[in-house]
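Peer 1: Protein chains in written order, with the numbering used here: chain F, 1 to 424; chain E, 1 to 166.
It should be emphasised that the hints constitute simulated quantities derived from the structure, not laboratory data.
Take the hints with a grain of salt, since some may be wrong.
[As the list claims (entries may be wrong)] Per the computed footprint, the stretches of chain E lying under chain F, defined by three or more beta-carbons under 8 Å from a beta-carbon of chain F, are: (1) 4–16; (2) 20–31; (3) 57–65; (4) 90–104.
Every residue, glycine too, gets a C-beta built ideally from N, C-alpha and C.
Chain residues, written in single-letter form:
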Amino acid sequence: MTRSALPKLGVYAGLAALSLLAALVLRLPELVLLGAPFALVAAISALQVHASRIDVEVELDRERALEGELLDVCIRFGPGDGAERVDVLLELPPGLEVEEGTNPGTLRLVEGEERLLPLRLRCTRWGAFRVGLIHLRTDDHFGLFRHEAVVDRRQPVKVYPTEEAVRTLLRPGETQVFSGNHVARQKGAGIEFADIRQFVAGDRVRHVNWRATARRGELWVNEQHAERNADVVIFLDVFAEARHGGRSTLDPALRAAASLAARYLRQRDQIGFVSFGGMLNWLLPATGQRQLYRIVDAMLDTQIILSYAWRDLVVVPRRTLPPQALVLALTPLLDDRAASALLDLRARGFDLVVIEISPLAYVVPKPGEVEDIAYRLWRLRRDAVRGRFERAGVPVAVWTDDSSLAVAMEEVGAFRRQARTARV
Amino acid sequence: VAALALLGAVVADSTVGGDRLVAAVASIGVIGLSVTALALVGRWATLLPWGFVGVGGSYAVFLSLRPGGVDARAPAVAAAFFVAAELSFWSIERRSWRSEREVTLRRLALIASAGIGTAIVGGLLLLLTSGRRIGIGQEAAGVAAAVLTLAVVAFLVRRSRDSASA
């Protein structure tokens with residue numbers, strides 16, 4: 001603990017000295033009485049000053065929480081020396097706020113007794129945090145001396161983004177070889193009827209189509225579409241973000257990414273993750289609940305890192321983007337490097353879908369003629385970027401602040417259905 | 001507010017109780033009170049002692065102009081002065097949050113008991129010393145005690161101010 005004398009000590013010593021000197025000079029004994037309490041308090045405090053031994057522990061009710069949920073934290077003071085006044089401050093990262101309890105707070109610790117200070121925190125923003133840095137400050141009885149200490153009892157807390165409502169998922173253009181929930185174009189073991197063909201040796205009797213057999217006088221069997229899984233890669237553009245107040249375009253992007261990953265994993269697809277920007281992060285496609293945790297953990301580390309270096313898909317490992325994968329890009333379309341990389345993906349034959357996280361709600365146009373022209377030019381430029389994608393056959397759905405991800409997904413789904421019809 | 005009220009009472013007592021240079025005593029006291037009020041409003045800890053010096057000065061002027069023996073109300077004035085100083089420093093502490101009720105109550109009790117203790121001990125001291133004739137030896141001993149007290153306080157303060165890690 002670091003000890004320091006407060007200004008009050010100097011004032012008390014000064015007042016005591018002044019009154020005693022005045023008493024001597026003016027020969028007034030009453031002035032001795034005036035200064036005596038100050039001298040006495042300063043002397044007693046100086047004699048008794050000592051650093052209290054305070055044992056502090058921080059207990060969290062859980063390590064994982066969802067955005068918006070409450071998290072109980074308990075600061076436990078072990079039976080120590082005791083202190084008359086202890087100021088306690090639990091340092092909180094920006095994504096956590098105190099919902100119930102006092103932070104900072106002042107309390108009294110009784111010697112030999114345990115004391116609990118409960119706090120209830122609200123997880124206001126996703127992220128990986130470490131909670132438990134405690135600033136302690138004790139004052140003596142008359143507040144002349146102070147002891148300060150910083151106790152590090154930090155524990156990890158992961159706040160996961162809340163899930164966005166998604167009604168239907170996009171069907172990938174191509175399926176993979178493993179079994180899943182998507183009806184494949186290929187014929188094989190499945191439920192969905194595909195065609196009928198003549199019986200060959202080895203066909204199972206239960207596949208015989210008796211109506212066709214009766215009509216044609218020879219054995220015909222049903223064929224089904226195989227049910228396969230698909231590879232889906234979630235591509236997160238983290239080159240730039242639009243931020244206003246405590247909100248940014250990265251927040252809905254991450255919520256959407258987490259929701260989509262969870263939904264696709266539930267239907268046994270393999271999900272990969274690429275966070276493409278100043279900081280590059282990727283996960284090879286895999287399936288299962290563990291992959292969901294891996295993806296969400298990777299997302300929690302995602303942040304916008306300003307970089308002027310040109311990046312293209314060369315930096316992404318080949319296996320991260322398997323052929324015939326459906327690439328779901330979540331981007332605010334603020335950086336040309338991300339747009340170029342996505343168009344490059346399309347040129348390589350990937351089934352690409354762009355969900356634009358609209359930054360317009362985060363941009364407040366400044367008043368003035370020139371500023372207005374600049375704002376309109378910026379919006380025109382964004383339209384031009386969107387047009388480039390549409391010319392390349394890439395559906396772009398704009399996800400605005402006042403709509404849901406489900407609407408954006410429906411929009412993309414409709415575009416893909418029409419595009420297929422047009423090709424036929 | 002309580003601190004200002006107590007200091008105001010000290011100034012009022014000095015002003016009303018005296019019969020010579022009342023205006024001067026009142027002026028010094030009012031200046032001291034104003035400085036204290038300013039320090040409390042602006043939370044300036046460095047300004048606060050000058051307010052106390054002003055109020056204490058007005059009391060000293062009142063005492064020096066006063067005929068007769070020792071002021072019988074001196075212990076009460078000393079207690080009021082000390083309690084006012086404690087309350088003033090409490091009010092300018094930079095704590096934007098609320099302390100626990102128990103902490104506040106104990107601190108109030110401590111200040112009140114310190115004030116009462118000052119008044120009682122001061123009263124006893126006055127009672128013991130008022131009836132005695134002071135000789136040159138005793139006066140010298142008093143001076144030496146005062147100097148020694150200051151030296152001890154200065155030594156303890158100096159020793160304790162050195163920050164240490166425990």
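Peer 1: Are the hints correct? Go through all of them and say.
Peer 2: Evaluation of the provided hints:
1. 4–16: violated (count 0)
2. 20–31: violated (count 0)
3. 57–65: With 4 residues closer than 8 Å to chain F, the stretch 57–65 of chain E meets the three-residue bar; holds.
4. 90–104: holds (count 9)
Hint violations for this structure: numbers 1 and 2, all remaining hints satisfied.
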